[in-house]
Amino acid sequence: MSVELLKEKWSNTINSLTIGATKEQGGSRTSIITAGGESTLPYLFSEGEMPHRPVIAMEIFDVEPTDWPPVLKEPFKDVLNNPVEWAKKCVNKYQAQSLCLKLQGAHPDFGNLSADQAAATVKSVLGAVGVPLIILGCGNDEKDAAILPKCCEVAKGENCLFGDATEKNYKTLTAACLADGHNIIAESPIDINIAKQVNILISDMGFDLNKIAINPTIGALGYGMEYAYSIMERARLAALSGDKMLAMPFICFVGQEAWRAKEAKGPQAEHPQWGPEAERGPVWEATTAVSMLVAGADILVMRHPQAVAIVRGTIEKLMEK
Amino acid sequence: MLVIGERINGMFKDVGKAIVDQDKQVIQDLAKKQLVAGADVLDVNVGPAAADAVGAMQWLVETIQEAVDLPLALDSTKFEVIEAGLKLVKKKAIINSTSAKKEKLEKLIPLAKQYGAGLIGLTMGETGIPRDRHQRSEFAAVIVSACMEAGIDLGGLYLDPIILPVNVAQPQALEVLEAIREFQLLSDPPPKTVVGLSNVSQGAEQRSLINRTFLVMAQAMGLSAAIADPLDKELMDALITAELLLNKHIYCASYLDAYKKK
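Going line by line, the protein sequences match chains A and B.
When we follow this note's numbering, the leftmost residue of the first sequence carries the number 109, and every step to the right adds one.
When we follow this note's numbering, the leftmost residue of the second sequence carries the number 24, and every step to the right adds one.
A couple of the hints might just be wrong.
[What the hints assert, rightly or not] 30 Å max Cα-Cα, derived BS3-like pairs, lysine-lysine:
(1) A:K352 - B:K101
(2) A:K115 - B:K256
(3) B:K113 - A:K117
(4) A:K352 - B:K256
(5) B:K114 - B:K284
(6) A:K352 - B:K110
(7) B:K101 - A:K115
(8) A:K352 - B:K124
(9) B:K215 - A:K117
(10) B:K124 - B:K101
(11) B:K110 - B:K256
(12) B:K215 - A:K352
(13) A:K279 - B:K256
(14) B:K110 - B:K215
(15) A:K352 - B:K271
(16) B:K256 - B:K114
(17) B:K114 - A:K276
(18) B:K271 - A:K117
In case anyone wonders, no lab produced these hints; they're calculated from the structure.
Please work from the sequences and hints to get the whole structure.
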């Protein structure tokens, strides 16, 4: 006797979010990406569709990162102080589909660059590569409120994804993205209730729900990854069951979290039993990324080219039906 | 929770007068207001005053559908009034209502089948209003089995345990609550349940408070729909909060707003 598997039927789908705009669409990108659109839990193709495969955006900084370990700096050592060259290398050498530009240099502790300087960087990176851009502030609320509107303005028409808006600090960025037609990242601290709240606050300002990505905040392998996983799973279940305030694609900052772990960056000299860090680091990042994919991640922001390559291959395999 | 807005009923003076005067504005305002307040379906009842009940139903359905895009619950004791409405509805309607009486079931179940409509089944039978939970369950079983035999979708069936005014039949409130729980044992998946909420406070002074308190208690028993006044904000807020506490939504600080944006 054959056993009939019980299949879920969901009433709602995840929003599709498009980053980038081609010339015809009023921008200057040579390619665009679309994330989300799922009508099923991740990779359960018998229950619904995943019309868009997850996207990997490679992360670059406007100034040389101070806390990256040697293994992570190595592939980019010739371009770390030049965001334009760094961007080109990611696209030309590592085939990045998208880039995530972090404007770290605006932070008072890391250079305190002005809004004009940040905007100039955005402009030159947009000029140097044709892939769609994700643009992040420096993480200092006051400074981000000063630089991001200017960056939104110079990128007008390019349909970028800007971040991050938080529960306490969302108005300036929302207004700027609204004015210049960009997408926005809504961030919450591994908290589904706040994730929903930030989306409501942003949408109360008249922002299109289809232009919001949820940054659920994640932990790396060994550092609370499973908390992020369960939050994402719960949000996705609610979204597919009809909760429109949680039906946004997820963006996960995998590189940032994975490379914080001492297991990823600790040198073999200090931890002989852990093996060479040149292998361990990228694998730590890739493992974190793949776990997030299975939890429902739509956009992964990653750092090491080797990890990117591993995860790209895994996505291909996961998407096979 | 399916909220069936009760305001378009000829028993209300403003609606009764609007039907007589053919005043579309009054009806369409009520339809829009109920939609905004969170109604999922609008009940339509021509009331006792209309001389031409069929004509009044047709006028109401058309008038409402010009203003809002909601499904309607066609509320009448007369078969031909319900059928007149069914012929005009643009969305899957709900027939309000049949009872467990044979003559009713024989007419209304085929009507529901023919038009693909939902059906509210009042758990009263030949012997009249049920006296306790057991009699309610008996009548409910009669309705469920008649629907099963006719092959209509049980997902569209709403069993109504019949609420009586608390100032007239006080012990019945608890009987209704228990009946809501018992009805759910009748089939798998369980049949849906509905109450005509405002009846519980008929003739009482604290109507809104009694309504919302009873609604929350019924929700805890698993109630799936209520014919109620969505314009009663405190009632709607209590309903949403009860759903939250029953883990039907994900909490957030603005959960009342989130429900309205659903």
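Structure-based check of all given hints:
Note on K352 of chain A and K101 of chain B: the hinted pairing is violated, with a Cα-Cα distance of about 40 Å set against a maximum of 30 Å. Taking the CA atoms of K115 of chain A and K256 of chain B, the gap is near 38 Å; set against the 30 Å cutoff, the hint is violated. In summary, the hint linking K113 of chain B to K117 of chain A is supported, as the alpha carbons are separated by about 25 Å, within the 30 Å threshold. Between K352 of chain A and K256 of chain B the alpha-carbon distance is near 22 Å, which keeps this suggested pair within the 30 Å criterion.
Simply put, K114 of chain B and K284 of chain B have alpha-carbon atoms about 21 Å apart, close enough for the 30 Å limit, and the pair holds. The hinted pair formed by K352 of chain A and K110 of chain B fails the criterion: a straight-line CA distance of about 33 Å is larger than 30 Å. A distance of roughly 42 Å separates the Cα atoms of K101 of chain B and K115 of chain A; the hinted pair therefore is violated under the 30 Å criterion. Between the alpha carbons of K352 of chain A and K124 of chain B the distance comes to roughly 42 Å, so the proposed pair goes past 30 Å and is violated.
Between K215 of chain B and K117 of chain A the CA atoms are separated by roughly 19 Å; this keeps the pair inside 30 Å, and the hint holds. A hinted pair counts as satisfied when its Cα atoms are at most 30 Å apart, and K124 of chain B with K101 of chain B qualifies at roughly 14 Å. The suggested pairing of K110 of chain B with K256 of chain B is violated, with an alpha-carbon distance near 33 Å, which exceeds 30 Å. Distance check on the hinted pair: K215 of chain B and K352 of chain A sit about 24 Å apart at the alpha-carbon level, within 30 Å; holds.
Proposed proximity of K279 of chain A and K256 of chain B is supported: the alpha carbons are some 29 Å apart, at most 30 Å. Proposed proximity of K110 of chain B and K215 of chain B is supported: the alpha carbons are some 25 Å apart, at most 30 Å. In summary, the hint linking K352 of chain A to K271 of chain B is supported, as the alpha carbons are separated by about 14 Å, within the 30 Å threshold. Pair hint K256 of chain B plus K114 of chain B holds up; C-alpha atoms about 26 Å apart against a cutoff of 30 Å.
Pair hint K114 of chain B plus K276 of chain A does not hold up; C-alpha atoms about 42 Å apart against a cutoff of 30 Å. With a CA separation close to 17 Å, the supplied pair K271 of chain B and K117 of chain A stays within the 30 Å bound.
Going through the hint list in order, the structure does not satisfy hints 1, 2, 6, 7, 8, 11, 17.
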